[in-house]
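Trainee: Protein chains in written order, with our numbering: chain A, 1 to 794; chain B, 1 to 189.
Any given hint could turn out to be false.
Where chain B lies over chain A, by a calculated footprint (3+ residues, C-beta under 8 angstroms) [claimed, not checked]:
hint, region
1, 323-331
2, 334-344
3, 490-496
4, 560-571
5, 606-619
Examples of chain A residues lying across from chain B (beta carbon under 10 angstroms, computed) [unchecked claim]:
hint, residue
6, A400
7, G401
8, R402
9, N403
10, P445
11, I449
12, P451
13, G544
14, E554
Source of the hints: derived by calculation from the structure; they are not laboratory data.
The structure presented is a predicted model; accordingly, all values stated were derived computationally and were not measured.
Don't be surprised by glycine CBs; every beta carbon is placed ideally from N, CA and C.
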Amino acid sequence: MRYSILVLLSLCSNPLMAQRLVCDHQVSGLVVDLDGQPLPGATVWVEALKQGAVSEIDGSFLLKELCLEKYILHVKFVGYDDEVITLDVASQEKLLIKLTPNVNVLHDVVIEGDHAQQHNLSQSVSVLSNEAINANRGKSLGEMVAQLPGVSVLMTGPTIFKPVIHGLHSQRILILNNGIRQDGQQWGIEHAPEIDPFIASEIEVVKGAETVRYGADAIGGVVIINAPPLTETGSIGGELNLGLMSNGRMGVFSGMLEGGFNKNQRWSWRLQSSVKKGGDFHAPDYNLSNTGVEELNFSGAIGYKKNDTKAEVYISSFNTELGILRSAHTGNLEDLQNSIENGEPWYVADFTYAIDNPRQKINHQLLKVSASKKIGSWGKLDFVYGGQLNKRKEYDIRRAGRNDKPALSLELFSNVIDVALEHSSGKLTGHVGINASFKNSNNVPGTGIDPLIPNYNQYTGGIFWIEKLRLRRWLFEAGVRFDHQYLQTLMYIDKTNLIKPEFNFNYASGTLGAAYYFNDRLRLSSNLGLATRPPHVSELYSNGLHHGTAAIEEGLMYRDGNLITDQTAIKNEFSKKWITTLQWAKQNVSMEFTAYSNWIDNFVYLRPYTTRLTIRGYFPVFHYQQTSAWLAGSDFSLNWQVTKEISYKVKGSYLYARDVSNRDVLPFMPPAQVENRLSYTWPAVGKLQNVYMGLSIPIVLRQYRAPITVYPEDVPEYDDDKIFDFMPAPDGYVLVNLEAGANVPVGKRQLTIGFSINNLGNVSYRNYMNRLRYYADDVGRNFSLRLKYDLHAH
Amino acid sequence: MNQHQLITTARSLVFTTTALVSVFQFSSCSEDPEPTNEEELITTVIIDLTPASGGDDIQLKFYDADGSGAGAPIITPDVAQLVSGKVYEAQITLLNEEAGEDITEEIDEERNDHLFCFTPTNTNVTIGYSDEDDNGRPIGLSTYWTVGDAGEAGNVKITLRHQPGTKDGSCPGSGDTDVEVTFPVQVVD
Numbered sequence: 001m002r003y004s005i006l007v008l009l010s011l012c013s014n015p016l017m018a019q020r021l022v023c024d025h026q027v028s029g030l031v032v033d034l035d036g037q038p039l040p041g042a043t044v045w046v047e048a049l050k051q052g053a054v055s056e057i058d059g060s061f062l063l064k065e066l067c068l069e070k071y072i073l074h075v076k077f078v079g080y081d082d083e084v085i086t087l088d089v090a091s092q093e094k095l096l097i098k099l100t101p102n103v104n105v106l107h108d109v110v111i112e113g114d115h116a117q118q119h120n121l122s123q124s125v126s127v128l129s130n131e132a133i134n135a136n137r138g139k140s141l142g143e144m145v146a147q148l149p150g151v152s153v154l155m156t157g158p159t160i161f162k163p164v165i166h167g168l169h170s171q172r173i174l175i176l177n178n179g180i181r182q183d184g185q186q187w188g189i190e191h192a193p194e195i196d197p198f199i200a201s202e203i204e205v206v207k208g209a210e211t212v213r214y215g216a217d218a219i220g221g222v223v224i225i226n227a228p229p230l231t232e233t234g235s236i237g238g239e240l241n242l243g244l245m246s247n248g249r250m251g252v253f254s255g256m257l258e259g260g261f262n263k264n265q266r267w268s269w270r271l272q273s274s275v276k277k278g279g280d281f282h283a284p285d286y287n288l289s290n291t292g293v294e295e296l297n298f299s300g301a302i303g304y305k306k307n308d309t310k311a312e313v314y315i316s317s318f319n320t321e322l323g324i325l326r327s328a329h330t331g332n333l334e335d336l337q338n339s340i341e342n343g344e345p346w347y348v349a350d351f352t353y354a355i356d357n358p359r360q361k362i363n364h365q366l367l368k369v370s371a372s373k374k375i376g377s378w379g380k381l382d383f384v385y386g387g388q389l390n391k392r393k394e395y396d397i398r399r400a401g402r403n404d405k406p407a408l409s410l411e412l413f414s415n416v417i418d419v420a421l422e423h424s425s426g427k428l429t430g431h432v433g434i435n436a437s438f439k440n441s442n443n444v445p446g447t448g449i450d451p452l453i454p455n456y457n458q459y460t461g462g463i464f465w466i467e468k469l470r471l472r473r474w475l476f477e478a479g480v481r482f483d484h485q486y487l488q489t490l491m492y493i494d495k496t497n498l499i500k501p502e503f504n505f506n507y508a509s510g511t512l513g514a515a516y517y518f519n520d521r522l523r524l525s526s527n528l529g530l531a532t533r534p535p536h537v538s539e540l541y542s543n544g545l546h547h548g549t550a551a552i553e554e555g556l557m558y559r560d561g562n563l564i565t566d567q568t569a570i571k572n573e574f575s576k577k578w579i580t581t582l583q584w585a586k587q588n589v590s591m592e593f594t595a596y597s598n599w600i601d602n603f604v605y606l607r608p609y610t611t612r613l614t615i616r617g618y619f620p621v622f623h624y625q626q627t628s629a630w631l632a633g634s635d636f637s638l639n640w641q642v643t644k645e646i647s648y649k650v651k652g653s654y655l656y657a658r659d660v661s662n663r664d665v666l667p668f669m670p671p672a673q674v675e676n677r678l679s680y681t682w683p684a685v686g687k688l689q690n691v692y693m694g695l696s697i698p699i700v701l702r703q704y705r706a707p708i709t710v711y712p713e714d715v716p717e718y719d720d721d722k723i724f725d726f727m728p729a730p731d732g733y734v735l736v737n738l739e740a741g742a743n744v745p746v747g748k749r750q751l752t753i754g755f756s757i758n759n760l761g762n763v764s765y766r767n768y769m770n771r772l773r774y775y776a777d778d779v780g781r782n783f784s785l786r787l788k789y790d791l792h793a794h
Numbered sequence: 001m002n003q004h005q006l007i008t009t010a011r012s013l014v015f016t017t018t019a020l021v022s023v024f025q026f027s028s029c030s031e032d033p034e035p036t037n038e039e040e041l042i043t044t045v046i047i048d049l050t051p052a053s054g055g056d057d058i059q060l061k062f063y064d065a066d067g068s069g070a071g072a073p074i075i076t077p078d079v080a081q082l083v084s085g086k087v088y089e090a091q092i093t094l095l096n097e098e099a100g101e102d103i104t105e106e107i108d109e110e111r112n113d114h115l116f117c118f119t120p121t122n123t124n125v126t127i128g129y130s131d132e133d134d135n136g137r138p139i140g141l142s143t144y145w146t147v148g149d150a151g152e153a154g155n156v157k158i159t160l161r162h163q164p165g166t167k168d169g170s171c172p173g174s175g176d177t178d179v180e181v182t183f184p185v186q187v188v189d
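Chain A with its partners taken away, still in its complex shape:
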């Protein structure tokens, strides 16, 4: 955070200030980490002169226009503790500055520099740093990002996690996997992102609409997964990771190798793979039977770089199979009622690694081709193509030997092209681009069950323009985008008539933002985003019984259970989100406060409208409807380095969500939460470095704005249209987590050891954001051990 502010301020600093005395001395230096590795991009700030320098790729920097006196230097770098040193210009020739990595789990920073063009600078962004990712290796992507303030997670048991940003998720959140928008069957709550978190060196979360840059599916925000850049060095490096967890008896292993081709250092490559296997998780009082998981992932990249031309080909394959809690498969409302009354799962068996039905099997293949070239004074041209094939199979508990037949089998083939021209002329930088996508989604025949959503072809074309203007302490930005989408769906009515309804959606987005730098410590930014999103096929045409929720769901294009053809009833979702962030940083304290208000017209969501008698008994029927929604809230975080050894962190978030049209609450909105963390660091203990111990206490409050409770047995008599839930929101809970770690030098290389205990007290609790909370408690105590061995010689 501090680093970027400083870089910017140094650009804005007044050139008239430095010219008074004979102050033309220079001091050069080097910024390195504890192992002597250079740290490029660190800021060296001369407080008295209000100017500074940024270290180069080899860690070197040069301070100019210094007088013959003493200065206080502030050295800052993302992921490292700030360093304050005194520089005596008279006696100093070359400075060597060593920075200590901060072991804080999270580091919220404003990213500029490399990332400057990726998203709005006036937007609220949180970053999961490499250190934080390393400290959470073995967790899924959703679980990892949920540690950032304002980000939470929607769960289906202990293995399926979906990121939720300020209350929005699924088709409203875009996930950028190494520069490519993740196209999977992301519309369902039980559809987790098909991404191997081991590819990430950094994860950014943009907490406002980024539809101008990325299109309609970024209406609620973006999760950006950045892989480390390819290295062109001749030597081979890499890393090995091993994670072991007691709960679920899970093991995770990943390996990565990278290097260049000796000759001219223009070519570089990377190969990476990870494997994961876990069995049944357990809650404090019982096994969560059939919650095992298996994963086998692979990725490879090859890059070429010459002067200002860059090209890269990247492929990845993500393959997983995971079990869904056996007891969560409900035949009808009576089953659900029994589960709620029992208070614990009806099926509890001994631990096993075996994965039985209900289960999901997912394969996701990705091909990315990207290239960029500087075109004279025009700027930089970026081209990205992404092709994805996603196969999702869901297996249910069925009769007559059909258990091996998927109950749902979807295949999505997606192609995306992005072409953008980036220009920069002094104070003005900007981006003009087009993107086009084609998606084809099919139900693979042979399930013996009517498909939940129809087959479809979707073509989207968009054009956007974003400009940023830097003026002294101000930063302004504005952007606009237009899209057209053609959607064709294919489905049967009455088993015999094939119909192909077509839709044409035209929609626009805009953004307007500003940031003001009071000084190098205080920054205020504000952004207004206008975003439009046409409804997704699942929202238009879902139709069928959902076994996980014991409910029948019907899309916008159904009325009283019958298909309609009138498309005028369907409106684009329109979000107006205003988000303001205040950031303040001092030597040993940094603070961030974000407030937002999001008004969404035609917000699509599920609402009960009737109860239907079927041969399986009564079911509530939920209908996709459009309403005016209002979501407002705030996130805050504070990091305080109390002494050199002790650091304290606190972060929290609160969200207020309201269905304005129906004067009701909205379902599945995260409750308020606060997390306190205290840690103690020893710089060195014997041969060990960066030895630390930490204690964190997450507190999750009850969701007081949960829908009214209608128990399953009361559903047949329920005739109101207020949104309801089958059981009251669970009580709040407090967990205690402990962690410790150290770096161990092994010859020239380094081994990083991390150990943690989550839910130390083995507390039984249920999470409002877990869809399986009707059936079982959340997971209990978990010991985990993580080892990381860095193959790069130091």
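Since the structure of chain A is provided, determine the placement of chain B on it from the hints.
Mentor: Then chain B, alone, in the frame of chain A:
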């Protein structure tokens, strides 16, 4: 950059885009889907009641053509009239009329995993099992209904429990519900 370069770049851009768009077009020639044959649908539950000591047969029928669709099920008769003092032999038949299949056979084949449960409410009928699976546990495809004193109209609820690997013969026991139908029943003299 000079104009020539710009034109070249623009031209290659247009070319690439055109090429890729045609790839899109090609790949999108997806065939029309086939209609799904709903294999596990149960459209009909029939209970044939035959008095052991002579008298009129009674058939209870629950018919729902469209599974979870909006079409309302048809339940006949409005109120089944069982004669006081009689014992009826009851036989359950499950059909998928859409596919013309008899699901009863499927249940019988998987009798070790299935159990019918019977819950009479407000009516003087007692229901006992007259069949058992390979483990000596009841199935419920065949039952006998002992009818007591006459009274007001009540209900008999019949559920089919699917309990793969966990069936212990108790109701409702473990597992999921595949069928839940309720028939209005009255005992008359």
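Trainee: Taking the hints in turn, state whether each one holds.
Mentor: Hints versus structure:
Only residues whose C-beta sits within less than 8 angstroms of a C-beta in chain B count toward coverage, and the region 323-331 of chain A has 3 of them, enough to reach three; the restraint holds. Here's how the region 334-344 of chain A fares: 3 of its residues keep a CB closer than 8 angstroms to some CB of chain B, so the rule of at least three is met and the hint holds. Under the rule that three or more residues need a Cβ within less than 8 angstroms of chain B, the assignment of the region 490-496 of chain A holds, with 5 such residues. Given a C-beta distance limit of less than 8 angstroms, the hint that chain B covers the region 560-571 of chain A holds, as 3 residues qualify and 3 suffice.
Counting residues of the region 606-619 of chain A whose CB lies closer than 8 angstroms to any CB of chain B gives 7, so the stated coverage by that chain holds, three being the minimum. Because the closest C-beta pair between A:A400 and chain B is about 5 angstroms apart, less than 10 angstroms, the hint holds. At about 9 angstroms, the closest approach between the beta carbon of A:G401 and any beta carbon in chain B falls short of 10 angstroms, and the interface hint on this residue holds. The beta carbon of A:R402 is positioned within 10 angstroms of a beta carbon in chain B (closest approach about 7 angstroms), and the interface hint is therefore held.
Because the smallest distance between the Cβ of A:N403 and any Cβ of chain B comes to about 8 angstroms, under 10 angstroms, the interface hint for this residue holds. Given the 10 angstroms rule on beta carbons, the hint for A:P445 holds: about 5 angstroms separates it from the nearest Cβ of chain B. Taking 10 angstroms as the C-beta contact cut-off toward chain B, the hint placing A:I449 at the interface holds, the least distance being around 7 angstroms. With a least beta-carbon distance of about 7 angstroms to chain B, the hint placing A:P451 at the interface is held under the 10 angstroms criterion.
Annotation: A:G544 was flagged as interfacial toward chain B, and the flag holds, the nearest CB pair being 6 angstroms apart, inside 10 angstroms. Hint status for A:E554: holds, given a least beta-carbon distance of 9 angstroms to chain B, under 10 angstroms.
Of the numbered hints stated above, none is contradicted by the structure.
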